[in-house]
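Taken in order, these protein sequences are the chains called L and Z.
The letter at position 235 of the first sequence is residue 235 when you use the numbering used here, and the numbering goes up by one with no holes.
The letter at position 27 of the second sequence is residue 27 when you use the numbering used here, and the numbering goes up by one with no holes.
Do not rely on the hints blindly, as some may be mistaken.
[Said to hold, decoys possible] Chain L stretches covered by chain Z per the calculated footprint, using a threshold of three residues with CB under 8 Å from any CB of chain Z:
id: 1; region: 140-154
id: 2; region: 269-283
id: 3; region: 508-516
id: 4; region: 523-533
Derived from the structure by calculation, the hints contain no laboratory data.
Even for Gly, the Cβ is constructed at its ideal location relative to N, Cα and C.
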Amino acid sequence: MTNFGNYEERVKGFSWALSEQELGYQPGQIINIGWYCSDRICQLGKADKTALIWEGFTGEKKIFSYNDIRLYSNVFAQFLTDLGIKAGDRVCLFMDRVPELYIGFVGILKTGAIAQPLFSAFGEESLFIRLENAQTSAIFTQKKHVSKVRKIRERLPHLKHIIIVDYDGKTPLQAREVAFSMEGSKKVEHYDIYPTYAETPSVLHYTSGTTGMPKGVQHVHYSLISQYLTAKWVLDLKDDDIYWCTADPGWVTGTSYGIIAPFSLGITQCVLDSGFSAEAWYKFIEKNRVTVWYSAPTAIRSLMKAGDEIIKKFDLSSLRHLASVGEPLNPEAVNWSIRVFGKPFHDTYWQTETGCIVITNFPGMPVKPGSMGRPFPGITATVLNPNNYEPYPEPGRIGLIGLKPGWPSMMRTYWNNEEAYKNKFRNGWYLTGDRARIDKEGYFWFVGRDDDVINTAGHLVSPFEVESALLEHPSVAESAVVSKPDPINMEVVKAFVTLKPGFTPSKDLELDIMNFIRKKLSPLAMPQEIEFVDSLPKTRSGKIMRRILHAKEWGEEIGDTSTLEND
Amino acid sequence: MDELKEIIKNYVINEYLEPDSEPIDYDTPLISGGIVDSFSMVSLKRFLENKYNIQIPDEKATPEAFDSVNKIAQLVREFIKV
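Chain L extracted, bound-state conformation:
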């Protein structure tokens, strides 16, 4: 029997109050995610239950009970309070998937400060843009990443504290740096958790759009109401589960469903801080007897590429529910998982702005391979006519995915960018930026993005950001960035580049530009192919026409070229 049960019955008369009641929350009361993820679970009698099983790439293993999460998050919170961090300050987590990342997140929320997790593979420019925009006060990082912070700190006057969680004393601390050891600190039995309320800001995740710089998606403590219930119903998490979410908490899945949801449900979760390897992943599932596995299409396709033979070496019989997020899950991947694991991956659809799963294939319901599934109860989702933003009255029409705002984990604004936030709404609908159609049974089918944003391995990359960075390379005169199809990552970044006088196209120059972007922005943003061209297609007013280049890469019709220069 699944937690979810019957779709029609759940939808009928649904109210988020159900989640509030299960969490013991009443509107108007204090609600602090940090408390719900640690102290409350201990108060429910699960203090000794394992909360986190962590394994590093060398095989090092650490286990934390819910009481450990409570005490160590108090250590983080007290440390920040002693530094002078106040409620509302932004505190960044810039770390690999070490225990301090998970527990530090809980600790930051206890202080009332806003947690700002950032992917540790970001290069210094990506890091700078996001810290500068948020005017971040403090950053937790590791010694392996601190050099990136050092390169930009002079440009960040608001960044008062650079906290190194694994400082070993081998080299001296530099300006604004301070050493912190979670496990080496005296445990803090009691910390006065800041009284946050439903609309108090909690988490700031940055996401990329077509134009402009990345935007900070601001969530609030009330988001817990959605994250708790969606995890319980969609991931079917139960008290005796061993849960593995493979997402990095630098991205929203890693916080909503890698920290907040499992900890607030009092579930045992495990984390593997290691790069991808099919053998290591299967071994991890076998060793920890993982029961619920939440992963991503790119990882699933990489596992498919590794072949079926390797699976036979491992006992994966503990797996009982599989789910996926980040980009559309192709039918081949669903059918493959049925064949090799005896159960399908359930695609879930949501985004940084929604904070929780909004359209999904539910456990216990038939999975239509390739479909996004059906809306979560309490979520009104539709497909809109792009001309008037009215829902199509009949199924089968391709249009824009629209969501009726008002669920608990809906973003509240873009940080310091209310105009961009307002621009996400039309005719009372929140536009996700994706196109889809709905079939006769109410299942959604993903068609594509409605803009130029590149979805690579489930992560959004802004072509504008990459183009801006490319122009800083000494050889680049002009550039246009589009997606190109990729069998593993769905899409990857491709750049078209014209060179300045004195530079000649070559394989070495291509590699040099690739590495330049990788280090400046991130490996995700690195063009995997650079095509040197004599000129870029432009409108007569001089605007680069990305869509023509995009169509060429995807073998699509180029469409109207009446405004093309030199046509």
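Chain L is fixed; fit chain Z onto it per the hints.
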């Protein structure tokens, strides 16, 4: 000293490691150790192809085959020999 391995090791140090990082040797796990991720692997593969004028097929460019300097050198030798 193995010249091929030294070239690979130095490239990894110069391109993928931050200053003050722990030193690496020929067996240090690069992919599983988080030094080189799957996206960055593309640029490492491109470097090897440019440097040795070879083509490494995508099916051979697996995370396992790129997980250490020793393994990468073994892979590159398969193609240099021909």
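Tested hints:
1. With 6 residues carrying a beta carbon less than 8 Å from a beta carbon of chain Z, the region 140-154 of chain L meets the three-residue requirement, and the given coverage holds.
2. With 8 residues having a Cβ less than 8 Å from any Cβ of chain Z, the region 269-283 of chain L passes the three-residue criterion, so the hint holds.
3. A stretch counts as covered by a chain when three or more of its residues have a beta carbon under 8 Å from one of that chain; for the region 508-516 of chain L and chain Z the count is 5, and the coverage holds.
4. Look at the region 523-533 of chain L against chain Z: 4 of its residues bring a Cβ nearer than 8 Å to a Cβ of that chain, three or more, so the hint holds.
Hint compliance for this structure: no hint is broken.
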